[in-house]
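Peer 1: Protein chains in written order, with the numbering used here: chain A, 576 to 1005; chain B, 19 to 343; chain C, 14 to 300.
Please keep in mind that the hints were generated in silico from the structure rather than gathered at the bench.
Here are the computed lysine-lysine pairs in the DSBU-like style, where the Cα-Cα straight-line distance is at most 35 Å: (1) A:K700 with B:K90; (2) C:K244 with B:K302; (3) A:K714 with B:K100; (4) B:K146 with C:K74; (5) B:K302 with A:K824; (6) B:K100 with A:K998; (7) A:K918 with C:K86; (8) A:K630 with A:K645; (9) C:K155 with A:K899; (10) A:K998 with B:K90.
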Amino acid sequence: MKKVIGSISLIVILLLSTILSGCSNKSDAASSNGKVVVDFWTFWGSETRRPVIEKIVDEFNKSQDNILVKHTFIPWGDIWTKNLAAVAAGNPADIVINDINSVSQRAENNQAEDLSKYIDQDTFKEQFYSNLWETVLYKDKPYAVPFTTDTRLLFYNKDAFKEAGLDPNKPPATWKELEEYAEKLDVKQDDKYTRIGFYPLFGGFGAPSWLKNADNGTGYLENGELTINTPNKVKALEWLVEWQKRYGKKTIQNYQAEFSNGQTNPFIGGKVAMFTDVATFYTQIRDSGTKMNFGVTTMPTFDENSKPWSDGGGFVAEIPKGAKHPKEAMEFIKYLTGEKAQKFWAEKNYDNVANIKAAESVLNGLTGDAKTVYQNAVDSMQYTTLSPVPNQYPDYQERINPLVESAIDGKITAEEALIEAEKDVAKMKK
Amino acid sequence: MTADQAKTRLPSISLSPKKTRAVAPSVSSVRKRNLIGYIFILPWLIGFVGLIAGPLLFSLFASFTDYNITSKMNFIGLENYKRMFTLDDMFWTALWNTLYYVIFSVPLTTAGAIMIAVLLNQQVKGMKVFRTIYYLPSILSGVAVYFLWMQLLSPSTGLVNQFLHIFGIEGPSWLFDPNWTKPALILMKMWSVGGGMLLYLGRMQGISPSLYEAADLDGASGFRKFFHITLPMITPIIFFDIITSTIGSFQIFQEAYVMTQNGQGGPGNSLLFYNLHMWNNAFKSFDMGYASAMAWFLFIIIMALTFTNLKVGKKWVYYDGGDDK
Amino acid sequence: MIRAAVRRANQNKRLNVKKSMVFLILFLGSIMLLTPLWWMLSTSLKSPQEIMQYPPSFFPKGFHLSNYIEAWKTGDFTRWSLNTLLIAVVTTIGNVFVNAFIAYGFAKVRFKGRNALFVLVLSTMLIPGFVTMVPQYVLFSKLGWVNTYLPLIVPAFLGSAFNIFLIRQFMMTIPNEIIEAAIMDGASYFRIWWLIAMPLVKPALITVAIFSFTGAWNDLLGPLLYLSDEKLYTLQLGLQTFKGSVQTQWNYLMAMSVMVMIPTILIFYLFQRHFIKGSNISAGMKG
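Just chain A, with the same shape it has in the complex (with noise of 0.2 Å):
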């Protein structure tokens, strides 16, 4: 009994302890000489990542009298809850880094803050990729500043291709290119693959990827109107039936489960010869120590007269709706999307970043594999679309996902998917 009381009473005072000292690091906040504390919320908190940020942030704290940036890492995906939360509460960060895709989502709902009137638009946009300065936009006023971006490009591997009789240097460019270069890449054992020359819906480029490389590049909307059922992207997904079918629905099934982990990957284990991702794949490549001869370029294009489409996603920095110190936040944000500070995170971490003359710049000063990865990704970027989130039809992609799904099981055909789709998406119009 007396141990009990004992150890409580101890763990009281402790806990006071804690609670007190919580509130002195509150104020040593507030007394940072006199200066403005932002806070800024990301989700780099690895080794590679932390270092870098926190080096942008030092260099412009030593360059302020009056603004201090403070980093808080906040894990990923959860970050975004943790955001709205707070701003539910109306005590959000100075500024947190967010999915490009729902910059207007997020604007229409009232989450972030306006930033017009700290900047001039005609001016400061010309730093910026325009495709992704448009996906800032809501009404016409940015909510956001882009920070990186990324695009899907093709990897092969060149060991691969040499030893199928194929010229290493001529991947494929079109549609019609890929299938003939897969037959020639797949390997056979017993009625069982070993390995598989290239299956469309590995890697980083899904169904509505696709669809879109077929479609000129457009999405399931384009303009606030329903795209989702046109004649190339049925004939597009009719292809991807097609590829299940030739590799049949358990060989592929048994792939994506033997690689859903995110330990291995099939092409890096050598069991896939071709295969969609990001640039920054490349970083995964290098250090899997495999040695492996690759090479990449730009998605192959959907017949002779089309463009290599590709699909893009990225990060912005943004001011949550009743940010504190949305001026200051704003100083920093200059900073951070400027050119000297996107140039410093392209060069240690091989993203794409969205201020067209770092990543320029960046591109010069590479060589080897790196130049080579990174060349193609520049050259990508104008064909380059996003899929920002429409906000009439908030969760279309949960919509159709399955249908599309459904069509490639060969349960119902393209078209029937593609018709459902659109009338599903449709009915459910805010």
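Following the hints, complete the assembly by docking chains B and C onto the known chain A.
Peer 2: Just chains B and C, lined up with the frame of chain A:
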């Protein structure tokens, strides 16, 4: 020994407390008992009024609005409920998936936990270590575990299928075959059945050894002892376990969220569970009003089940303290 | 006499066979339960290159024990461990004693409105936390508790439906005569709770202690929402640093997951001793 047996059995079975209370309690003592009862539950009352009731009522109200968390909250009547029942096909998919999971996982985990607890209640060498091992999987949490299972369930290099291969069975693609995704999750749940086991073990430890000794003298078999002593004595815990694991299984979320691509509910929507659909509505589409409506519909379903359980429970749950309800 | 001895010998033989069977079953079961964990351990010892290899290797080729040290050094894990420990210990104490107190009221004191209130307790478990999460956050924020441990700790002292229900179930099995006899002797309700009921439900209290400690130790959502200062972070938040948008550092993640798991195993191993002791008291009181 027989006297001892009589002592432990008699009061609990043949005498109900109502009968032992010969004199009717006075008014003042009833008042005092009421007061004391409320003093005992006071901490809960404070917590309920201060922290829980507000958000609960708020979400109930939100279910009749177009609440988007950050800016709007207009009353729209039964619009959310209407949309849920008549327009949203995914709602029905999610409900079906969840029911499937509940129907299989609750009985399987309950039976599994009891079986393991019985085994761990024996006196065998190294029992402490065994108990720790059996409890261990339920300690583990977090994303690491789910990725661990994705590896274990890999069709050709995963241990589960390699194990099945020993018996000449070709295992399925588990998480990528819509027919096998839910069984895969039930298998995972079975692995971490240790938490429930602990409850049963705790109760079994409290059963007086004299009951078993008396049965031994009568030459009762192990099965007989289990069905006539152990099982009746653990019914309060079975009751607890069934109710709480039904609630828990209806709210399955994390597994599907982490283990399916983009948290969308897996191949052919086969892992789109109720809470996952709700989460996507609340935090991806910011349609918290709709999500709240879903939550309160789920509330009604589970409430109905729990009430049935409480009613039926009176018939089969045996409290050896005397049922004073 | 002789027949009795023979019978006892046969019984012992049967008992030994039975014991070996139980041992064998438990042993095989243990292997099945532990193999998944082996993957965790083996991944934690591999180099990043080996983790990426296909097919994955069952035994790590090189023993990279350094993963453990390097992972620990990537963040302020010492501070985060102490923070987590503080939260876990305080919430465990709250959960055990407060819930036992409340549960006694629901199990053994007849008062007006008891059954209705108990149904209300249960019903609070039925609403998915997502929909009350934001209003609750706003509430704590209004109280000025955000970025302190109060939102994580205070609720543990105000009862949790699951634990109240659990302890209540155990308290229901306490014979009423014991309590009535004590009342006759003039003991107050609170003395009876502390001196009679609490020792009798010790296995339940231990179970609640183990659950609460593990729960607080592994909690991610609470600390994630309420803590915004890395100095106040917990281990689960620290673990998230290895999980990025593009890549995950599996070797570090698994190494730290193993380390984070160890204290909870220790707690269980230590507490289960009391588990058995508790039963002896209760059996003794009953016999």
